[in-house]
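**Q** Given next are the chains, with one letter for each unit.
There are 4 protein chains.
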Amino acid sequence: MSSETIELSGHIIDSWTLPSAWDVIMDRGGYFTVDELRIGVHKTETSYIRLKIEAPDDNTLDLILTELQQFGAALVNGDDAQTAAVEQPGVLPPSFYSTTNLPTQVRVQGQWVQVENIEMDVVIVIDTEQRRAFCKPMHEVQIGERVVTGHGGIRVQPFERARERESFAFMQSSVSTEKVKVLAIHEIARQMRETRERGGKILFVLGPAVIHTGAGRYVADLILRGYVHVIFGGNAIITHDVESALFGTSLGVNLRSGEQVEGGHRNHLRAINAIRAVGSIEKAVELGLLKEGITYEMQKRGLRMVLAGSIRDDGPMPGVISDMQEAQKQMRAALPGVEMTVMVASMLHAIATGNVLPATVRTVVVDINPSVVTKLADRGSFQAAGLITDAELFLRELAEALSD
Amino acid sequence: MSSETIELSGHIIDSWTLPSAWDVIMDRGGYFTVDELRIGVHKTETSYIRLKIEAPDDNTLDLILTELQQFGAALVNGDDAQTAAVEQPGVLPPSFYSTTNLPTQVRVQGQWVQVENIEMDVVIVIDTEQRRAFCKPMHEVQIGERVVTGHGGIRVQPFERARERESFAFMQSSVSTEKVKVLAIHEIARQMRETRERGGKILFVLGPAVIHTGAGRYVADLILRGYVHVIFGGNAIITHDVESALFGTSLGVNLRSGEQVEGGHRNHLRAINAIRAVGSIEKAVELGLLKEGITYEMQKRGLRMVLAGSIRDDGPMPGVISDMQEAQKQMRAALPGVEMTVMVASMLHAIATGNVLPATVRTVVVDINPSVVTKLADRGSFQAAGLITDAELFLRELAEALSD
Amino acid sequence: MSSETIELSGHIIDSWTLPSAWDVIMDRGGYFTVDELRIGVHKTETSYIRLKIEAPDDNTLDLILTELQQFGAALVNGDDAQTAAVEQPGVLPPSFYSTTNLPTQVRVQGQWVQVENIEMDVVIVIDTEQRRAFCKPMHEVQIGERVVTGHGGIRVQPFERARERESFAFMQSSVSTEKVKVLAIHEIARQMRETRERGGKILFVLGPAVIHTGAGRYVADLILRGYVHVIFGGNAIITHDVESALFGTSLGVNLRSGEQVEGGHRNHLRAINAIRAVGSIEKAVELGLLKEGITYEMQKRGLRMVLAGSIRDDGPMPGVISDMQEAQKQMRAALPGVEMTVMVASMLHAIATGNVLPATVRTVVVDINPSVVTKLADRGSFQAAGLITDAELFLRELAEALSD
Amino acid sequence: MSSETIELSGHIIDSWTLPSAWDVIMDRGGYFTVDELRIGVHKTETSYIRLKIEAPDDNTLDLILTELQQFGAALVNGDDAQTAAVEQPGVLPPSFYSTTNLPTQVRVQGQWVQVENIEMDVVIVIDTEQRRAFCKPMHEVQIGERVVTGHGGIRVQPFERARERESFAFMQSSVSTEKVKVLAIHEIARQMRETRERGGKILFVLGPAVIHTGAGRYVADLILRGYVHVIFGGNAIITHDVESALFGTSLGVNLRSGEQVEGGHRNHLRAINAIRAVGSIEKAVELGLLKEGITYEMQKRGLRMVLAGSIRDDGPMPGVISDMQEAQKQMRAALPGVEMTVMVASMLHAIATGNVLPATVRTVVVDINPSVVTKLADRGSFQAAGLITDAELFLRELAEALSD
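Chains as they are written, first to last, in the working numbering: chain A, 37 to 440; chain B, 37 to 440; chain C, 37 to 440; chain D, 37 to 440.
Be careful, since some hints might not be right.
Any copy will do: because identical chains look the same in the list, a pair fits if it lies in one copy or spans two.
To be verified - Calculated cross-link-like contacts (lysine-lysine; reagent style DSS-like; alpha-carbon spacing at most 30 Å):
id, residue 1, residue 2
1, 319, 365
2, 365, 237
3, 237, 319
4, 172, 319
5, 319, 336
6, 237, 172
7, 336, 365
Calculated directly from the structure, the hints in this document are not laboratory data.
For reference, chain A alone in the conformation it holds in the complex (with noise of 0.2 Å):
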């Protein structure tokens, strides 16, 4: 029998994250006994336990411990997180350590150091001189950099459910189309004013059906009033939202009248081309070219898009991002200072947005498809709160809350 002690303290009791570690111990086929165990009665205290963990043999509680680590749990005799140096650029030691994006600390010389930019499934590199801890992904680590191996000296700070009226709550039980989702989006409001009032950015993901639905409207009014500070999204939402702006189309199609207009893809090529023959977005504007829009907008507030092309993207348009390594490095540098994140109707871009963001940042995602939601959470993005709702009538009451 193998066996080791840990601590787990915080808000354990109403964050469930006491019984998802005896879950974890006894699904692992480990066994626990309670050294120590103080509840915190009212809501302002925490709670601690202390676990002796056993296990029939050292592979099975070294996984134990690994899976515990998530909800925080530390080694009561703990060391120094372990690092070994890379050896090959863009190639991990073997036993590296992969980050979820829960905040997260390693033991440096005795002190715990918080991870920097901590995002999910990167590693950990240690730069013990200046007793500082960075997220790298894999193909940017350099020979003789030190990544963190194993577990020990690594703590995590599980997902605490805060006490209080759980604003998202109701959204995170379940992805059901059966609820009030009027209360929902004004709930959503309420947090983006709070976030600009502290000065948080927002960060909207669009995927193209919101220019397809005659949304982008609703975006552009958000942009104006302030609660856009930065834009995640792919070659097809600018094409279309320029599209949308010179010739009133989206995939040929008037936003007006609903009538298709143009057959197939020719505005959305010549809008492209528009562009192109200017030579960028920045000098649309400029000229007078490009005149309304949720591109226009943000351009015009100097505002970030960042904008990463795709396989199947046509063009592309200007600025928009064809190298996938360059676009994550674009993504990751736009996000400090993002305290809260919309998503709408993206699965791509979605997605790769949840790989670089901490879990602490506030997520809502909106789409009309319940598996965009499921497919999100099912990569990780747990902390994300899915609206199962119309992007378009989603945004345009969006706007409606925000307007005044």
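Given chain A's structure and the hints, the job is docking chains B, C and D onto it.
**A** What follows is chains B, C and D alone, placed relative to chain A:
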């Protein structure tokens, strides 16, 4: 080789009748020769074609003629419709003609007679003396009644796509979610206004999600403004509506705050129990127990709700019809005068209504789940225009569009 | 401040009962103190907790106690269950206790009595003389019967997740389509084998798509091999099954070639008419008219099909029950002995069956549409494990897995 | 009034070309007179029509002629295709002609020349000297190249529905889930056999769910039997395939037991890291590190996988193309010889492949989510036949159907 000559006339070009007819002939293994073709070149002109059809055998020719009937083909040398007498109650003669939901005429003693109360998948009974023809469901046919058999002497008027700007056309093409829905909703509102102005009745078919999502208030508002004349639904819609009126909840969720205030279904049972205790909805309104909601507004105006029970019901609520034959009978009885139907968030009742509705009634199906629209079309209600959107936000927008 | 002391015991740690209970107390605005806690550290040991609950007022305390009951909490100083007499037939006393589908006991004269035929959303009637307690739906309560009210003296046995490798666990976590389904199907097969071996009955709930997709043959095969003991369904499943047996088609589509051989629903009406002409399914089998298919195989073995009509039915087929109260009664009557339920491609009948099924019956819901599983769970059948897959290919694989 | 005379010939009756053409003329506000009509009455005969089209103005006439082109209409008095020179690299002349994915000819010096490598939404560049015409995406056009403009001198060969029993027809009608899929799968198998026998290549487009659901083994089996010649996919499919080959898991789920063996994505990162460490897939196979799976089987046979990166990728795996223009180029380069495409569980890569695929390539899209098929059709890949079913069970059945 068997052969027969048929005629087709009307808007057979722009309603795709002619190509559909050609298709059927060739798909079934027949050949055709165009004896005469006159194409109407202006909007108001109709076209005419006389086709000689050849088929390898009588069976094939029969199959072809049966299908062509649905496009309005009539034999050039036609006889009266054939009939056979019912010999057992509720049992049809073997070669009975099964109707479509398109306007249909039968030849009785040399004259074309309109079939009354046309609906799909029933039979035509002819009263030769009175020169009348009616639809009857199988289980209602009586011994001695004369049921139309074969396919001679029957003329179906095909669904003619209006040449003018087809208001619902943009919804009909497919079940895509990527369309401008606000436009579609305003078009529906316009048609509701027109229907009401010319004295036509509007039928709403409602599923319980209308109440769960808090959208009952918008329907109540539409009733109040005179845009709802008949409602079809089930036990769930009335029960949740009454629950909402009495306790402010739906399935125990407070519709103002979105919070669960009661475990599961208790309020829903309490609502049924409260009405059962006073005996009926009428009495509950009279006693001042029921003071708001869809049911209240309908009752107050003497408007009809046909509520058909289902196997999943609790209760049931007084007024809900437990016997399915009786419920279908009452649905049929409520149809005269109905010129438009709006189906929201209801698969079961939408399909049931589709079954008894003539194809000439404008029908809109609104659901967040595309499969509802697909299923309705699969089951023969091809005239239904689908709008894949959120029921709650749809009704909110519709009520707003009709509020002035 | 109001307060009360409760006890919880059993697998309250690994079944998440304890954390759920804590959650409820805090969510509802109460506080708790742990008076005693004993944690079972081995698989076979149970745990025990005694909690003192405090709430700001009596109403809140009441609400908390009601909810805790569902987790199996019992008042330390408990009394007998309270009852009130029924005063109008089919009308409950105002403070009636509404059941869950979990095993439930009521205290009658100081003794805990198991409630018979437990199902959700009905009431408990106590026969004090006989010391028995039964479930009854609202519309069946009679004058003078004593219905349980309030929440004292009621004990619910929570759903305990077995600690052994939970066979269905991998299906339960979410409704993801991205799982290895062949494994799940073979696990279902294994459980069906076990159920049959120990003499338990297996109930199949079937929607018409089973026949449309040509999968009727696999179900017939399962009946033949003794894996189906009861079938619940509607008019559509039996009608299409008979249509398929008589004409080789379903909705006019030839099930061997996939070709449309008849316009729309005529064969379907012919099938109903043929059985109506001879009077019943029994007679049709006896006369050699019906010689294959699900209905035939069930009839030949004297097995029960409870076929509940619905508002969308044609016909109906003899044997289909038109009255919904009667149909529910027959469904309830067919349940004793059922230990496993497989629901395939049926939303209406799946929900209806969920309503009358105890939570202790293993339930699998198979549908290509994730919303069916979501809806079933939303309506209280939390024990149902969902498998999002193709009904036809599921049944083919299941029949193959059980073929040896 | 403006007018023009056009000709249409071929299977214009049974391919619905003629009625579609009439529809366009009338929908756009034009009129027509039939100058000559010859209808082919036997299967092998083609038809011919000469129509005089009138429109209220030149713009309308233009719009009509543009759309009729897609149906194969040619001006009776046609001239050569017009061209304009490219003046900026990657920027088109304003009135560029945007292609469809149908076989297209342009008139060059009085002769009809076939456009090479036809695909949708690109332009046609004419090399007058060589009398050749090519497709080019916008970003590849060079200064001085002559791009086709306007709509004169262009002839599109419409999609002709074969009169013989159309093998895919039963899948094409709609995206219903209620069809006999085993039949469809065997039909697809038959066509794959035929394609292979006549030396045509078969392209598979695969999403990661193919691996998550454990269906990778069936694809490996199809490769082994010679039914897969090219694969298009992304980082996820190759990574999960390698993860599955190296560790037996996909996203940490053991594909044999269905159990989660590793928290989240670690094995997936380990798989990428392992290949990065040796440098390439080729090397990994050579060293005996990679010994099974899709990637291994393809590599061993020297078959091509074009793996296009995307913004949501980890890693990436060596061999995945990060630059989107480069990836599209390689997809195009892999297409010659491809006569059939099977797309499974991939929305992004399915749409991307649809973009570069001529309409003449038989295409099947298999997905459990109907919206994938709808989206593909919405984006112009109308030739794709959709099969709404489970990817895993589809591939299992397909592999079995092709196993002898």
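**Q** Indicate, hint by hint, whether the structure satisfies it.
**A** Hint-by-hint comparison with the structure:
{"no.": "1", "hint": "319 with 365", "result": "both (25 Å within a copy, 29 Å between copies)"}
{"no.": "2", "hint": "365 with 237", "result": "within (19 Å within a copy, 38 Å between copies)"}
{"no.": "3", "hint": "237 with 319", "result": "within (26 Å within a copy, 46 Å between copies)"}
{"no.": "4", "hint": "172 with 319", "result": "between (35 Å within a copy, 26 Å between copies)"}
{"no.": "5", "hint": "319 with 336", "result": "within (11 Å within a copy, 51 Å between copies)"}
{"no.": "6", "hint": "237 with 172", "result": "within (23 Å within a copy, 41 Å between copies)"}
{"no.": "7", "hint": "336 with 365", "result": "within (24 Å within a copy, 35 Å between copies)"}
The structure meets every hint from the earlier list without exception.
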